[in-house]
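Chemist: Sequences are here, hints too, so could you generate the full structure?
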Amino acid sequence: MNQTSTNPRSSLSRAWTWSIERSPLLNATRWIIARGYPNAQARDLISAAKLPDQLAKLIDTTITKTKLWRSERADIARELIAHTQDALEAGRTQEQITESFGHPKKVAKLLRRAAKRKRPLYWRTLRNIRRAVATLTLLIFFTYGSLAARFYIGQPNITKNYPVMINAQNHAYTEDQKAWPVYKEVRTTWDLHILETQTRQSDFEQEFNTNRTDDQEAISAGLFMYPQIPTDHRDYAETVQLFKDFEPQFKRLRQATHRPIIGIELGFKYEQHEDQDWSYSTPLISPSDDPNENPSMINMLLPHLGPMRQFVNILAFETLIAARESDSDRTYENLSAMLAMSRQRNFDKTLISSLVNMAIANVAFKSIHQVLHEHPGVLTRDHLIALSHELALTRPALEIMLDGEIMMFKDLFQRAYTDDGQGNGRITKAGMLMFAKYADNNWSGSELEGTPLQMATGPITLAVSPDRESQATLYMDMVNTVKHVASTGPENFSLIGHKDSEMYSNMKSIPGLLYSPVEILMPAMGQAVSTSFFAQMNSDAIATTLAIEIYKIDHGQLPDSLSDLTPNYLPSLPQDLFNPGQPLKLNIANSGYTIYSVGNDGDDDDGQALGTKQHREHIFRHRYPAAKTAQGDIILDHAGNPKLAPPKGLDGDWILFDMTQHPPK
Amino acid sequence: MKLERELMRGAGPTAVLKLLSTQSMYGYQLVETLAKQSDGVLAMGQSTLYPMLYNLESKGLIEAEWQSAPSGRDRKYYNLTTKGKKKLKADLDAWKKLTQAMTNIGVLEGAPTGAACGATA
Numbered sequence: 245m246n247q248t249s250t251n252p253r254s255s256l257s258r259a260w261t262w263s264i265e266r267s268p269l270l271n272a273t274r275w276i277i278a279r280g281y282p283n284a285q286a287r288d289l290i291s292a293a294k295l296p297d298q299l300a301k302l303i304d305t306t307i308t309k310t311k312l313w314r315s316e317r318a319d320i321a322r323e324l325i326a327h328t329q330d331a332l333e334a335g336r337t338q339e340q341i342t343e344s345f346g347h348p349k350k351v352a353k354l355l356r357r358a359a360k361r362k363r364p365l366y367w368r369t370l371r372n373i374r375r376a377v378a379t380l381t382l383l384i385f386f387t388y389g390s391l392a393a394r395f396y397i398g399q400p401n402i403t404k405n406y407p408v409m410i411n412a413q414n415h416a417y418t419e420d421q422k423a424w425p426v427y428k429e430v431r432t433t434w435d436l437h438i439l440e441t442q443t444r445q446s447d448f449e450q451e452f453n454t455n456r457t458d459d460q461e462a463i464s465a466g467l468f469m470y471p472q473i474p475t476d477h478r479d480y481a482e483t484v485q486l487f488k489d490f491e492p493q494f495k496r497l498r499q500a501t502h503r504p505i506i507g508i509e510l511g512f513k514y515e516q517h518e519d520q521d522w523s524y525s526t527p528l529i530s531p532s533d534d535p536n537e538n539p540s541m542i543n544m545l546l547p548h549l550g551p552m553r554q555f556v557n558i559l560a561f562e563t564l565i566a567a568r569e570s571d572s573d574r575t576y577e578n579l580s581a582m583l584a585m586s587r588q589r590n591f592d593k594t595l596i597s598s599l600v601n602m603a604i605a606n607v608a609f610k611s612i613h614q615v616l617h618e619h620p621g622v623l624t625r626d627h628l629i630a631l632s633h634e635l636a637l638t639r640p641a642l643e644i645m646l647d648g649e650i651m652m653f654k655d656l657f658q659r660a661y662t663d664d665g666q667g668n669g670r671i672t673k674a675g676m677l678m679f680a681k682y683a684d685n686n687w688s689g690s691e692l693e694g695t696p697l698q699m700a701t702g703p704i705t706l707a708v709s710p711d712r713e714s715q716a717t718l719y720m721d722m723v724n725t726v727k728h729v730a731s732t733g734p735e736n737f738s739l740i741g742h743k744d745s746e747m748y749s750n751m752k753s754i755p756g757l758l759y760s761p762v763e764i765l766m767p768a769m770g771q772a773v774s775t776s777f778f779a780q781m782n783s784d785a786i787a788t789t790l791a792i793e794i795y796k797i798d799h800g801q802l803p804d805s806l807s808d809l810t811p812n813y814l815p816s817l818p819q820d821l822f823n824p825g826q827p828l829k830l831n832i833a834n835s836g837y838t839i840y841s842v843g844n845d846g847d848d849d850d851g852q853a854l855g856t857k858q859h860r861e862h863i864f865r866h867r868y869p870a871a872k873t874a875q876g877d878i879i880l881d882h883a884g885n886p887k888l889a890p891p892k893g894l895d896g897d898w899i900l901f902d903m904t905q906h907p908p909k
Numbered sequence: 195m196k197l198e199r200e201l202m203r204g205a206g207p208t209a210v211l212k213l214l215s216t217q218s219m220y221g222y223q224l225v226e227t228l229a230k231q232s233d234g235v236l237a238m239g240q241s242t243l244y245p246m247l248y249n250l251e252s253k254g255l256i257e258a259e260w261q262s263a264p265s266g267r268d269r270k271y272y273n274l275t276t277k278g279k280k281k282l283k284a285d286l287d288a289w290k291k292l293t294q295a296m297t298n299i300g301v302l303e304g305a306p307t308g309a310a311c312g313a314t315a
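Keeping their order, the protein sequence lines are chains A and B. The first sequence begins at 245 in the working numbering and counts up one residue at a time. The second sequence begins at 195 in the working numbering and counts up one residue at a time.
Watch out, some of these pointers could steer you wrong.
Straight-line Cα separation of at most 25 Å, DSS-like style, residue types lysine-lysine; simulated pairs [to be verified]: (1) A:K362 with B:K230; (2) A:K362 with B:K281; (3) B:K253 with A:K350; (4) B:K270 with A:K294; (5) A:K311 with B:K253; (6) B:K277 with A:K360; (7) B:K270 with A:K362; (8) A:K349 with B:K270.
Derived by calculation from the structure, the hints in this document are not laboratory data.
Modeler: What follows is the structure in structure tokens.
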């Protein structure tokens, strides 16, 4: 430094000043004051410099326009004053100085920009953070606004009228090809016929359910409950008479079961008839030709399913009465009617309809077993052959139907998403509210207004939710997985067995959650597919039993093995679903025989029974194929983790058809 | 003659650093010296000088200190920092190369050399 300092202050004084200038408290105070009078110090300096008014004003204006901190303004003012004084001393005129100074506003802008670059790092960091936050806020605001506009403007385009399409298929049939008109009439007549016995039936229901054993299924109100009534029951004789009096109607009912279609016109609400206690006789609200006026297909009622389940129970008891009376033809006609009803379908093709078909078939199977086991000889050889043929026709009805589920999915999606004409679109407000309602297990047709929170989060749903095409692709992938498992047997059942299985567990991941519309609309397929497996195995076991019974009539004895039945009595041996490539097994014991599957452990226990039906099905759904790969007492669960094997008492085979004299409980 | 703004933006800081490499100087002194030594080519007003000085200061190339002159008036003196010296050296090298290049292509007066000779041969 060549300049000589004339500062009279001592080092101690400078140190004091230095520390005062950096005192946080004093700086804070200065900052507060400076906020109020940012130009005060600079003006003091300008005033003290005694510059000509024109130049003083020039500097003052410039300093004011810099909008810098108070200390920065003072520092710049001090420097500009020094510069001006030097210029004056050098003989420059005010005009020359003013001209070389430049325009105050422009100078202030340049000074401000440069001075701010000198500010400390923390200030620049905070400024950058503030700018980033402001930018982000703006970005979020505009993004949200744009999403909100898209979300609230988007409208579904409902083009396909699935309920009308379903009902229209009935129109290709004549009235006498439809079962429903007869079913409806018989059902109404039946209500009036059994009116006086209803109280006693309720008493019987309570009595039965209290005393039933583990292998007996509970009976419930809503179904006719007398198939379980024992012959020594106080109500038995009266009930049999009740049935005899109803025989003309039974005849009509049996005939109706052989009609090709159910033929009901489905709708959304049904009126309650004045003189009957069931409310589903005629649709009050039929589907409109304009799909926009209809609720979604998922709200369509299937009122025929309940009466058909009741009919099969009534026919089951009617079969027993006929068999006990050794009325061979009537027994056969009832069994034939039950099998025919199990394959009778409506055009909705929903999963629930196919499950009801299976439930009806299972009641028919049980009745066939009861007749063959408890009343041998009632059915003639011709009846047995005819039943075999009917059973073969029934077999396809024991497979699950998913066409109706796909239609429901498509109908909901055309009501929830926009439509770009190419199969894609985005979620709409109506769609979001609809899925929120379904997620809350509210499946009614009433519309929701939506809470403020739902309305606020709607645009965000639009941002994160995969589009219509992605959702539909995932849904169809899942449907195809289910179809694959249903067609290939239990080997792949672990994919869909229960809610923790692979197909469903994928939905619980973070990306999977975004596909909640699919999850909401995907039924518990494990239960449905396993029900189908069990029904198919039961059907095959009964087909085998019918063949054995015909063989017995022809040969006067049981076959030594099932292979004796082919090809004269069975076209081929029925396959054991749990033992790929191997047939079901025959075990001759206790003056009779059993038809059995090795069960889900894949291990032949020589026909030793495994638990109850409920036990077997539970083990299948939750442990298959773990139980099959069991080693010692340790098995692998669905996730591949080791766990304890089922108790030894549950090891054994699945008895599908028991024709021994003393069937084990 | 005055330089265009873009040229001043490139040449001005190097000129200021060069002046400060010989001695500490205050604002008016820099303006006067630049104008005088460059025959007015690098003459600049406060609106150019002080923002330039503040920028150089914020980059750590120069530092400032208030000092009192014998007359009693305070002046802010600017000094070159170590970082500023390095920057000046790099700038001078760049200017030399630029000058050489401009000479070679005939923008500046002087004997063409190197690639330019080949190009004109």
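Chemist: Now look at each hint and say whether the structure bears it out.
Modeler: Going through the hints against the structure:
| no. | hint | in the structure |
| --- | --- | --- |
| 1 | A:K362 with B:K230 | 30 Å, violated |
| 2 | A:K362 with B:K281 | 18 Å, holds |
| 3 | B:K253 with A:K350 | 23 Å, holds |
| 4 | B:K270 with A:K294 | 19 Å, holds |
| 5 | A:K311 with B:K253 | 22 Å, holds |
| 6 | B:K277 with A:K360 | 21 Å, holds |
| 7 | B:K270 with A:K362 | 16 Å, holds |
| 8 | A:K349 with B:K270 | 23 Å, holds |
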